[in-house]
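Trainee: Each chain is listed here by its residues.
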Amino acid sequence: MMNYFGWIQLALFVGLLLALTKPMGVYLNRVLDVDGKTFLDPIMRPVERLFYFLLGIDPRKEQDWKQYSFSLIAFSLVGALFTYAILRLQHLLPLNPQGFGPVGDHLSFNTAVSFVTNTNWQSYGGESTMSYFSQMVGLALHNFTSAAAGIAVAAALVRGVSKNSSQTIGNFWTDLTRIILYLLLPICVVYSIFLVSQGMIQNFKPYETVQVVNPYTAQVIKKDVDGQEIKDERGNPEAEERKVETQTIVQGPMASQVAIKTLGTNGGGFTNANASHPYENPTPLSNFLQMLSILLIPSGLTYYLGRMVKNQRHGWAVWSAMAIILFVGLLVCWWAESTGNPHFRALGVDASSGNLEGKEARFGIFNSALFATTTTGTSCGAVNSMHDSFTPLGGLIPMLNIQLGEVIFGGVGAGLYGMLVFVVLAVFLAGLMIGKTPEYIGKKIEAYDVKASVMFIMVPVLSILGFTAWAAISPWGLAGLNNSGPHGFSEILYAYSSAAGNNGSAFAGLSTNSYWYDITLGIVMLLGRFFMIVPVLALAGNLAKKKLVPQSGGSFPVTGPIFTMLLIGTVLIVGALTFFPALSLGPIVEHYIMTHSSTLF
Amino acid sequence: MNNLISQIRISLVATIVLAVILCGVYPALIWEIAQALFPDKANGSLVIQNGKIIGSQLIAQNFTDAKYFHPRPSSAGDTGYDATSSGGSNLGPTSKKLIDLVRERVDTYRAENNLPQTILVPADAVTSSASGLDPHISVQNALLQAKRVAKARGIAENVVLSKIQANTHGRDLGILGEPRVNVLRLNLSLDAS
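Taken in order, these protein sequences are the chains called A and B.
Everything in the first sequence is counted per the working numbering, starting at 59 for the first residue and increasing by one.
Everything in the second sequence is counted per the working numbering, starting at 1446 for the first residue and increasing by one.
Think of the hints as simulated: they come from the structure by calculation, not from any bench.
Mixed in with the good hints there might be a few duds.
As the list claims (entries may be wrong) - BS3-like, lysine-lysine: derived pairs with alpha carbons at most 27 Å apart:
id, chain 1, residue 1, chain 2, residue 2
1, A, K280, B, K1542
2, A, K124, A, K502
3, A, K494, A, K605
4, A, K124, A, K605
5, A, K301, B, K1497
6, B, K1512, B, K1596
7, A, K603, A, K494
8, B, K1542, A, K281
9, A, K368, A, K301
10, B, K1541, A, K280
11, A, K289, B, K1592
12, A, K263, B, K1497
13, A, K80, A, K95
14, A, K80, B, K1512
15, A, K281, B, K1541
16, A, K119, A, K605
17, A, K301, B, K1512
18, A, K605, A, K368
19, A, K301, A, K289
20, A, K604, A, K124
21, B, K1541, A, K289
22, A, K604, A, K119
23, A, K119, A, K95
24, A, K603, A, K368
25, B, K1512, B, K1497
26, A, K124, A, K603
27, B, K1596, B, K1542
28, A, K95, A, K368
Stated by the list, open to error - Calculated from the model, a selection of chain B residues having no Cβ within reach of chain A, i.e. all distances over 10 Å:
id, residue
29, R1555
30, L1588
31, A1595
32, N1603
33, S1607
34, A1611
To be verified - To give a feel for the contact side, a few chain A residues facing chain B, derived at Cβ under 8 Å:
id, residue
35, L112
36, D116
37, G137
38, M194
39, A198
40, L199
Every residue, glycine too, gets a C-beta built ideally from N, C-alpha and C.
So here's chain A without its partners, still in its complex pose:
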């Protein structure tokens, strides 16, 4: 069951994450300071200067929160149109050895939005839709830029907290440039070479067609032009025989894209199977590094926070809150997947290896559960196993992680700014309880700040529940289902949670490449990104304006176990209370049906 090899791997993982947090935080501190010095200066300084020259900006001229938001939104809009154009014109562009045609209009909209918002929701299968050019330019560009934008917003918010009576919160273009040149790109160069050493591909060849060793005849279910199974008069699907003598194997520039996919918590797979594909995640070692790289920057940002507000213990208190929620969730998921499916046991399947449907043999239960919790606690969304085939409780954890607001380390930047909003709320609640003016590291928390925070929290809640309800009663919503019963509802709920949380993982049985799903999920992704970033930047601007008041003995402490517990409590109360009714209709009721009855759907 939960064997000791799992515990050793867990200890190693937590240990390494903890050890990397400070160095990453110190480095981030230099990257996010326009005058910061790094060991890459000899190479990157000239490039950085050239950038500012081409952009025509003064890197030291700071922006107020409105200008900062405006730059970010303009840049995102241009990026979205750039990608939309590339996808629509794919057939005319180079590096398309498979001769893929243009990507459809609503799918291109969905995909462009998906990558601009750091979601990387994929209504398409990468290897059967996207040319190398589309992957490498149309999509991977955003893997860098949307990650950098997220980190920039987090930095802006932290500056807002730490600055004294300031109108400005930094310069978006400077932040974007420095994050890409000094942080993301250098790590990706080293990391992608490592991934190739594990067996990941990096080439520009057409797909390879090979003669298989043992040709065979497969039974294939007949489908009509719409992809619906053709049934005979008894209602059984009709099958035909097909001889298989060859296999066509995907190729392409994968490693360079996968490195930033995990480091930037993007998650958009080069292939449909994402990080479960043997090329996209060849070994348990590559898997371990991918999981670590997902958490690396979000974890380091907590240290950056502590350093900037000159209260390192506050940084660690926030880190602890994130880590506790993440690893408690992991234990539940690991336990549920190890316990497995009682229906399998009844058929004489060895239960000791757990629920292996939709999981890879090289990763096993533990690494699938850890990847699933990591990728959903952060807003990464890459998957190394199919969450749709998890046991009900095993699948509940990834879904809940997303619904808690992507603050369990969260997306690069997005996790920290999301968690800081919860910190503001926690401090406010504590202030109400003890009857003092709420104060956060020397800044008074006032009505405007609480309003911005509440708006931040309401946007995903309303979009997830509203759109799920709409899809669940609409023909277009039900048409996409791969499972029925409570599990079908879970597929829809997961999809909108993933879109609003800018996560991008899925209960992937749901076919969402249809007009209504593409459009509604696209809208939810936009809401979940920009309608949350703008309140955060407003909060940053408002906090920056305030005077830093010296902290007195009467201030509520934002360090130590009591604060950590209060923060965890705030996150759980908001998330759990909001989503408990919906979760009851999905995974929770399915769990009881699975364990207490023989009902199948």
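We have chain A; now place chain B onto it with these hints.
Mentor: For chain B alone, coordinates are given in the frame of chain A:
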């Protein structure tokens, strides 16, 4: 209005400059280095026999003959093992279709390998993988197929068992992941002997 135009202009320039570096220079650089240092891996770990490419070490292909070890079930594409259409079944734990499939696979596995009801069937042998292209099976799964393979080839079971051992990959660094057997490599090593 001026501000709008200037921000759009900066955005356009930034997008183009970044695309050149991040989508041109960077992947090309990785390609150069990867092709120089790990040409075999960067090109897909392909297996070549008699001048023909017969597969990739990392990508499962189906084996149905009794003399070959069988891979895990696959939901990739219509035929399974379709390496242009990776993915899992995405069937949930209370899906009738899934339970029916597993029941059928358990029966087939028992019949093929002549297993009594008292022996439990390894989970990896009757569940489809996440990618549909999982190149590995568990050691237990391989051991239970050894007798059938030996019989079909008319060789001693010991020979087959030693081949399994030779093609078993332990946990990475002794702790990461699970021990596993590469099906294509195992089958090719049997054909070669």
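Trainee: Provide an ascending list of the numbers of those earlier hints which the structure does not satisfy.
Mentor: Going through the list in order, the structure violates hints 9, 11, 14, 27, 29 and 36 and respects the others.
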